[in-house]
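Could you build the full structure based on these sequences and the hints that come with them?
Chain residues, written in single-letter form:
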Amino acid sequence: MEYVLKTNALCKNYKNFKALNGLTMNVPKGAIYGFVGKNGAGKTTLIRLICGLQKPESGNYVLYGLKNSEKGILKARRRMGAVVETPSIYLELTAVDNLKEQYRILGIPSYDSIPDLLKLVGLENTGKKKAKNFSLGMKQRLGIAVALAGDPDFLVLDEPVNGLDPQGIIEMRELILKLNREYQITVLISSHILDELSRLATHYGFIDNGRMVKEISAEELEESCRKCVRIEVTNVKALVRVLDEMKTDYNIISDNVADIFAKINISKLTLALSKENCEVISMQERDESLESYYVGLVGGKDNE
Amino acid sequence: MSKLLSANFIRLKKDKFFWSGLVFMLAAGIFFPVMRYMDMRQTQTINRIDNGFFGCALFIGIVMAVFCSLFIGTEYSEGTIRNKIIIGQKRGTVYLSNFITCSLVSVVMCMAFFIPYLCIGIPLLGFFEMDIKIVLLFAVTVLMTAIVFSSIFTLISMLNNNKAVTAVICILTAFLFLIIGAQLHKMLSEPETNMALVMTDNGQEYQELPNPKFLDGGGRKTVQFFYDFLPGGQVVQCTSLETENLSLLPVYSLVIVVLTTSAGMFFFKKKELK
Numbered sequence: 001m002e003y004v005l006k007t008n009a010l011c012k013n014y015k016n017f018k019a020l021n022g023l024t025m026n027v028p029k030g031a032i033y034g035f036v037g038k039n040g041a042g043k044t045t046l047i048r049l050i051c052g053l054q055k056p057e058s059g060n061y062v063l064y065g066l067k068n069s070e071k072g073i074l075k076a077r078r079r080m081g082a083v084v085e086t087p088s089i090y091l092e093l094t095a096v097d098n099l100k101e102q103y104r105i106l107g108i109p110s111y112d113s114i115p116d117l118l119k120l121v122g123l124e125n126t127g128k129k130k131a132k133n134f135s136l137g138m139k140q141r142l143g144i145a146v147a148l149a150g151d152p153d154f155l156v157l158d159e160p161v162n163g164l165d166p167q168g169i170i171e172m173r174e175l176i177l178k179l180n181r182e183y184q185i186t187v188l189i190s191s192h193i194l195d196e197l198s199r200l201a202t203h204y205g206f207i208d209n210g211r212m213v214k215e216i217s218a219e220e221l222e223e224s225c226r227k228c229v230r231i232e233v234t235n236v237k238a239l240v241r242v243l244d245e246m247k248t249d250y251n252i253i254s255d256n257v258a259d260i261f262a263k264i265n266i267s268k269l270t271l272a273l274s275k276e277n278c279e280v281i282s283m284q285e286r287d288e289s290l291e292s293y294y295v296g297l298v299g300g301k302d303n304e
Numbered sequence: 001m002s003k004l005l006s007a008n009f010i011r012l013k014k015d016k017f018f019w020s021g022l023v024f025m026l027a028a029g030i031f032f033p034v035m036r037y038m039d040m041r042q043t044q045t046i047n048r049i050d051n052g053f054f055g056c057a058l059f060i061g062i063v064m065a066v067f068c069s070l071f072i073g074t075e076y077s078e079g080t081i082r083n084k085i086i087i088g089q090k091r092g093t094v095y096l097s098n099f100i101t102c103s104l105v106s107v108v109m110c111m112a113f114f115i116p117y118l119c120i121g122i123p124l125l126g127f128f129e130m131d132i133k134i135v136l137l138f139a140v141t142v143l144m145t146a147i148v149f150s151s152i153f154t155l156i157s158m159l160n161n162n163k164a165v166t167a168v169i170c171i172l173t174a175f176l177f178l179i180i181g182a183q184l185h186k187m188l189s190e191p192e193t194n195m196a197l198v199m200t201d202n203g204q205e206y207q208e209l210p211n212p213k214f215l216d217g218g219g220r221k222t223v224q225f226f227y228d229f230l231p232g233g234q235v236v237q238c239t240s241l242e243t244e245n246l247s248l249l250p251v252y253s254l255v256i257v258v259l260t261t262s263a264g265m266f267f268f269k270k271k272e273l274k
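Those protein sequence lines, which keep their order, are chains A and B.
Numbering-wise, UniProt numbering puts 266 at position 266 of the first sequence, and it's gapless, one number per residue.
Numbering-wise, UniProt numbering puts 187 at position 187 of the second sequence, and it's gapless, one number per residue.
One or more of the hints may lead you astray.
Stated by the list, open to error - To give an idea of the chain A side of the interface with chain B (calculated C-beta under 10 Å), a few residues:
id	residue
1	G65
2	N98
3	V156
Honestly, the hints are just simulated from the structure, not real lab data.
Bear in mind the structure is a predicted one, so any value in this text is a computation, not a measurement.
Backbone N, C-alpha and C fix where the C-beta goes; we use that ideal spot for every residue, glycine too.
Next up, the structure:
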């Protein structure tokens, strides 16, 4: 698999606080990589490092095959665009002027593509309105337009839906999907709005206390989050015998708990278990979400 | 570098602080000679264009403190400095482009004072009494002092994330330099002796007594060096047209520019941006 970004044991300290503690991650080309973690987990720190805003204490990262210590990293960065925390736009300028400014910085001589770029992010009708008078969603989209000005292959978005209203969230999602599917841009999104991320991401990286807890593809995650019935019985061996006879897919969780991955006939199951002298204590349908998967990984409240 | 400069100039065109500063300097360039002319008419004293022509040195520091802190501070407060770094611009280039922009603005600001002053001042007050070479040397000194202020305020602004704090530090620094310049001027202007009324056998008599505040020897040389070296001292010398080492002043300015810019670039390369 080809990777746009690979990090290797990245460490970053802020005084005595370890923001990144040996973080290793791999962002495949063409992916929408959801970078999940609670506040202070190290998401923004990692983004700052790969954007060149800060330097790691140890470890390294490889962007488009170039190590951060190599001179060519500056050229590799020209292939990326980023919106870090807040959109980086001049509030006193209009959307067009903001883009003209970025075009100049990039050395793009012609402004011909600005209307298309504004249309792509849905800001084609902003006219002479200054960015300071934009809604938060519009500012976010302008920030993305600025990041897209250099026609990047890799887009880094730090909490892009934070503070947006439902309509803004939908528009942002559609924009990110469009950029990924139609323009083949690899996207790295950090977020803690898991429900939203689950609608977008093709790959996930779960980070906690500056470490990567788990990297998983959306398919793998779906597999582990698939619908099941969690059953608690007095004799799990009897349950295994019955389920094997019924040719049902299952997973033993503990001495008396198992997950059954099929639509089962409860009457038949309880009858069969009763014949094996096994009682059913409880039974509940489970539909594990990204959120519960994440909580399971990082320990939820206990870990705070 | 040219890309960043070009981007800065585009922003400059829309920058209200730049235009406000320019209007202020233009207004001062018109107001000063007119006031001198009116004063000359009222008092019937000859008021040459020389006096006050380099008066812009007095407020160029404050104007540049406001401009640099707000122009560069905006890049931090609105996060746009990140756009330059993320797309692979070198930090040294980012720093230099901002310094060059601020320096050019300081020169434009001085010109905005000089040009109307000359256009109005020459017809009203007559031509320079000083040798034209001295006038040009003073003009170069004022422009270099303006660039020194730009380099110092660029340093402060590029190393500080907070726009408001930057503005306060820059403005206070500008005033501090002026106060130091005035103080050094005062120290050097102390007379060697003072006339004092003393009691003698013949009654009261005026006698010349040594002034304890008069500086001589190494002390005077040190104070004179700082008076020449620091931009505050140069401002006082340019506005008063009293200077001992005029040709040295632009050289000192160049030294400060090189020192502050090198230090600024060094620390900015190490700075952690958010």
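Now the hints, each set against the structure:
Residue-level restraint check for A/G65 is violated (minimum Cβ-Cβ distance to chain B is 15 Å; threshold 10 Å). Interface restraint check for A/N98: the shortest CB-CB distance to chain B comes to about 9 Å, inside 10 Å, so the restraint holds. This hint holds: A/V156 has a C-beta 8 Å from the nearest C-beta of chain B, less than the 10 Å allowed.
The structure is inconsistent with hint 1 alone, although it conforms to all the rest.
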